[in-house]
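Enquirer: We have chain P; now place chains C and G onto it with these hints.
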Amino acid sequence: MTLAATAGLLAAGPNARAAAETHGFLSPTGVEIAFLLVGLVTFGAAIVTVTTRQLVHAALWLVVALGGLAVEYLLLTAEFIAWVQVLIYVGSVVVLLLFGLMLTRAPIGRSPDADSGNRWAALTVAVAAAAALVWVVVDAFRTTWIDLDGPAAGSTEATGASLFQNWVLPFEALSVLLLAALVGAIVLSRKAKAEAATAADSTPATRSRTDRSETDRSEKEGTR
Amino acid sequence: MHLAYPAVLSALLFCTGLYGVLARRNAILVLMSVELMLNAVNLNLVAFDVWLSKTAEETLHSGQALTLFTIAIAAAEIGIGLAIVLAVHRNRGTSDIDRLRDTAERHDTDGPDHDAVTAGETEKAEATA
Amino acid sequence: MTTTTLAVLVPLLPFLAAAAGLLLGRTAPGFVRPLAVLPTLTSLVLAVLVAVRQGGDQAVNSATELTPTGSVPIELALHIDGFAALVAVLVGLVASCVQIYSTGYLRDDPRYPSYAALVSLFTSAMFLVVYSGDLIVLLVGWEVMGICSYFLVGHYWETPEARAASLKAFLVTKLGDVPFLIGLFALATDAGSFRITKVLGTVVSGGLDHPTLIALLLLAGVAGKSAQFPLHTWLPDAMAGPTPVSALIHAATMVAAGVYFIARLLPVFEASQAAMAVLAVMAAVTMIGSGLAALAQDDIKRVLAYSTIGQLGYMTGALAVGDRGAAVFHLLSHGAFKALLFLAAGAVIHAAGTNSLAAMSRMRNLRHRVPDAFWTMTVALLALAAIPPFSGFFSKEAVLGASEHVVDGHTEHAPATAGWIVLVAGLVTALLTAAYATRLWLLAFRGRGAEAPDHGRQPLTMTVVLWVLAIPSLAFGGFAFRLLPDWFDGRDLGPTLTTSVLGTGVALAGGIVTYGAWRHTTALAARVPLGAVAAHPEGDAARVEAEAIATHKPAYGDIAHAQDPADPGRLLLGPLHRHAAAGFHLDAVYRVLLVRPVQAGARLVRFLDREVVETYVRGAGVLPRWLGAAVRRAQTGNVQTYVSALLAGTVVLAVAAVLVATGA
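Chains as they are written, first to last, in our numbering: chain P, 1 to 224; chain C, 1 to 129; chain G, 1 to 664.
Calculated directly from the structure, the hints in this document are not laboratory data. Careful: at least some of the hints might be erroneous.
Here are the computed lysine to aspartate or glutamate pairs in the DMTMM-like style, where the Cα-Cα straight-line distance is at most 25 Å [what the hints assert, rightly or not]: (1) G:Lys174 to G:Glu161; (2) C:Lys54 to P:Asp147; (3) C:Lys54 to P:Glu79; (4) C:Lys54 to P:Glu32; (5) G:Lys198 to G:Glu75; (6) G:Lys198 to G:Glu270; (7) C:Lys54 to P:Asp139; (8) C:Lys54 to P:Asp113; (9) C:Lys54 to P:Glu157.
Calculated from the model, a selection of chain C residues having no Cβ within reach of chain P, i.e. all distances over 12 Å [as the list claims (entries may be wrong)]: (10) Asp98; (11) Thr103; (12) Ala104.
Listed below are several chain P residues computed to face chain C (Cβ distance under 10 Å; list not exhaustive) [unchecked claim]: (13) Thr29; (14) Leu76; (15) Ile88; (16) Ala106; (17) Ile108; (18) Gly109; (19) Gly117; (20) Leu188.
Glycine residues also receive a C-beta, built at the ideal position from the N, C-alpha and C atoms.
Isolated chain P, as found in the complex (with noise of 0.2 Å):
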């Protein structure tokens, strides 16, 4: 098994390795007891949001998902990043979902048609692909061993100190690039609105009326 081999290499030094022998697969410490716990909670809700009839439930599920995550995040000790998760995740991005879903009239309830035809084909190629991952993984990864112990890899800290001394100019162009997908959100919500308006010539006032409102509400979220 090379892909092992060379995961052993990685594993850089026979302490780890030692490690990894003192700690039996199946003899499972605490933390991963834990981890395993909210990671099966986690998947399950990634499952029910993509397989559920209700769109918003589905947004919902998401929020779980993510809100799982971050608990995994913290079990790996990497804190700073799972508060960023739940503060953009949980706090923005399924709310900029659902916000969509409202403009775009998703249906509230059950709704028949939410999978396509190609669900079959979908699934065979998704069960695929996790096998497929799984096995390759699992054949890599199985005897390498994390150390929690000791000071926290993701500490606020360790974190900033990295961000600000190593990742400073990759941190500085992706401003630059939130400001051009700000400004982009704005550009393709105003064109529709500019578009609407001339359409809204034609077409009866409430029309145009409604359209303006949501608009509005667009631009709302594309400043967030």
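Expert: Then chains C and G, alone, in the frame of chain P:
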């Protein structure tokens, strides 16, 4: 903790998101599934970062930095994506992906000769336009 | 100017006239007539000059090689001996007469410019054949004449008869031309040169390896061109062309080209006794068969066509007994009186409004309508029947005398059997010739019944030409038989007593018997009304003729004969009449032997192409179509389907890569 736990979880989450992307009809649900896939990648990044920083005494924390970037980019992506979906919804009155079939062959022209003729016509139209 | 320059100009002038006529015909119609007549007349003058300068002395030879052409060189060569000089004069005379006659005959024809240009081109090609000293250059003229004949026979292409006749003329002569070409190559390979002088030199020194094969191959081409049995069937049908074309091409010149060719290369044929025997049999069959067929024809021009075939048979007969002087003598006199006969027949057809002898025999006073044609035609028919003072008598006597010479065993060139065959056939044909000439004259000019329609006077151009041609028909023979031996091989061409008495006797007998038969049958003519005359009194002669040809079949049931009990030929031939009218069913034989197999083969090829080859082609198209349809099925426009397929492929590739990497 065994590295296999977060790795397997991340693989499973990724494939769940994959299924969602392929199977969901509503464009916003597809965006949600994309978020799931991105998060699966994030989990992988964090797990390997923690492992490397402990095992190889690596202080660059590239995994966590990339996770932060990914989160930021995901936020930007969701904003742009939603704006596009809204624009499409406004123009077409729908956000169902299977109804956006402009790239498909039209059904009124089902012969190769017809295709050639229409291609010629469109070319002519372009030339005159 | 030297004789050579003059001789080069002779074929060149009509050729330039033809090119100019074809180019300017539409834009400058005023130039067409001078452009047609003047170069031909100039060529005639030049040909006479060349003949005078040559004077029957040593042959003029001149050659230039334009460019090296492989192992056997092809040269632009002139070889002008007495034969060439005199035949060229005949060609120039007849061509000039025909061009002048055509200006009146096709007065209102919209296609006159192209017609005149083609006649000029034909004249040029004939001059080339006559003067050429190189066999390949001769072949060029030979084939150009063939294609001109095709176009000119099909001049009235609106009528189906003309279309069929032009195709038939082309195909049948081609049937002979292919062996002819092979024979030329074989001859040149044996002789090492295409030059006629060198070929003849090789023959004299005995260097010819396959004389019989070469002679028979060449004979096939000659039979096609000179309308000898069994390739003569195109000539009667070619009468669907305009009358001047028949006079020029199918009576006086082109059909004589085959005879002239043998006369030039006679030593080659004499090298093979078998070829000479074949030639004699061919001539005999042609003579007698055509004489019988001519007696049964109803179309005046078809009578003359069969007569032409018979007279050409006389020439080949003379060649078969090894006397080319007699052959060319007959060629010259026949060219003059046969051209006259055709041109006069054209005037008669114009006046009568029909080409049917049966219809003419029910017309009173036709001779008073066309007095010029009547008198000149009488002269020409007397010449044709070989009545003593006329030119045909002397030339025919030369042929009969030559064969008698061979019968007596005075020559080593030809076997005595050939002499007997030619002599007997010639005498029988003399009888038949006189018979059909008398029949033609009686039916055309001694008709009884309604007054002939009045079409007004013939154009002057048409009548003057007739008298010009009447002079040689009347007097050429009497002067020529003393002068010609100086120009030719030097052999005596004068009539001998035995053959003269015999020939004139049978000719008179034939004429008298026919007259008696006519007296017997002519009373029937009044009882059987016949004669649908489709005439355009206001139209020009060509239009009348085209109408007459087109209406002959619907009016009389057949293109060759009419159901006329008053026909003396019917009485004379008896049960043979039906077969003779159909040309002894040779066309039917060809139809069974050649046309049907070719058509069946064509149908088979068409079937193979349509059903078999086409199936493969269609199959090659169907498979990609199906593949395309299947691929098109995948173009749903649904992005998710595309991504699914993409990711499925990715997974398969990734798994495969992992399996390969792990060596599993």
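Enquirer: All hints, please: hold or fail.
Expert: Hints versus structure:
As the CA atoms of lysine 174 (chain G) and glutamate 161 (chain G) are separated by approximately 20 Å, the hinted pair is consistent with the 25 Å bound. Only pairs whose Cα atoms come within 25 Å are accepted, and lysine 54 (chain C) paired with aspartate 147 (chain P) is accepted, the gap being roughly 6 Å. Only pairs whose Cα atoms come within 25 Å are accepted, and lysine 54 (chain C) paired with glutamate 79 (chain P) is accepted, the gap being roughly 16 Å. Of the pairs offered as hints, the one joining lysine 54 (chain C) and glutamate 32 (chain P) holds, with about 17 Å between alpha carbons and a cut-off of 25 Å not exceeded.
For the proposed pair lysine 198 (chain G) and glutamate 75 (chain G), the alpha carbon gap of about 12 Å is at most 25 Å, so the pair holds. Simply put, lysine 198 (chain G) and glutamate 270 (chain G) have alpha-carbon atoms about 16 Å apart, close enough for the 25 Å limit, and the pair holds. For the suggested pair lysine 54 (chain C) and aspartate 139 (chain P), the alpha carbons sit about 22 Å apart, so the restraint of at most 25 Å is met. Restraint check for lysine 54 (chain C) and aspartate 113 (chain P): the C-alpha separation of about 48 Å exceeds 25 Å, so the hint is violated.
Between lysine 54 (chain C) and glutamate 157 (chain P) the CA atoms are separated by roughly 16 Å; this keeps the pair inside 25 Å, and the hint holds. Non-interface status of aspartate 98 (chain C) relative to chain P is broken: a Cβ of that chain comes within 12 Å, the nearest being about 5 Å off. At roughly 16 Å from the closest C-beta of chain P, the C-beta of threonine 103 (chain C) stays outside 12 Å, upholding its exclusion from the interface. For alanine 104 (chain C), the condition that its CB be more than 12 Å from all CB atoms of chain P holds, with the nearest at approximately 14 Å.
Because the closest C-beta pair between threonine 29 (chain P) and chain C is about 7 Å apart, less than 10 Å, the hint holds. For leucine 76 (chain P), the suggested interface contact is upheld, since its CB lies about 5 Å from the closest CB of chain C, less than 10 Å. Interface hint at isoleucine 88 (chain P): satisfied, since its Cβ lies 5 Å from the closest Cβ of chain C, which is below the 10 Å cut-off. At its closest, the beta carbon of alanine 106 (chain P) sits 7 Å from a beta carbon of chain C; the interface hint therefore holds under the 10 Å criterion.
Interface hint at isoleucine 108 (chain P): violated, since its Cβ lies 13 Å from the closest Cβ of chain C, which is beyond the 10 Å cut-off. A hinted interface residue such as glycine 109 (chain P) counts as satisfied when its beta carbon comes closer than 10 Å to some beta carbon of chain C; here the least separation is about 14 Å, so the hint is violated. Taking 10 Å as the C-beta contact cut-off toward chain C, the hint placing glycine 117 (chain P) at the interface holds, the least distance being around 7 Å. At its closest, the beta carbon of leucine 188 (chain P) sits 4 Å from a beta carbon of chain C; the interface hint therefore holds under the 10 Å criterion.
In this structure, the hints that do not hold are numbers 8, 10, 17 and 18, in rising order.
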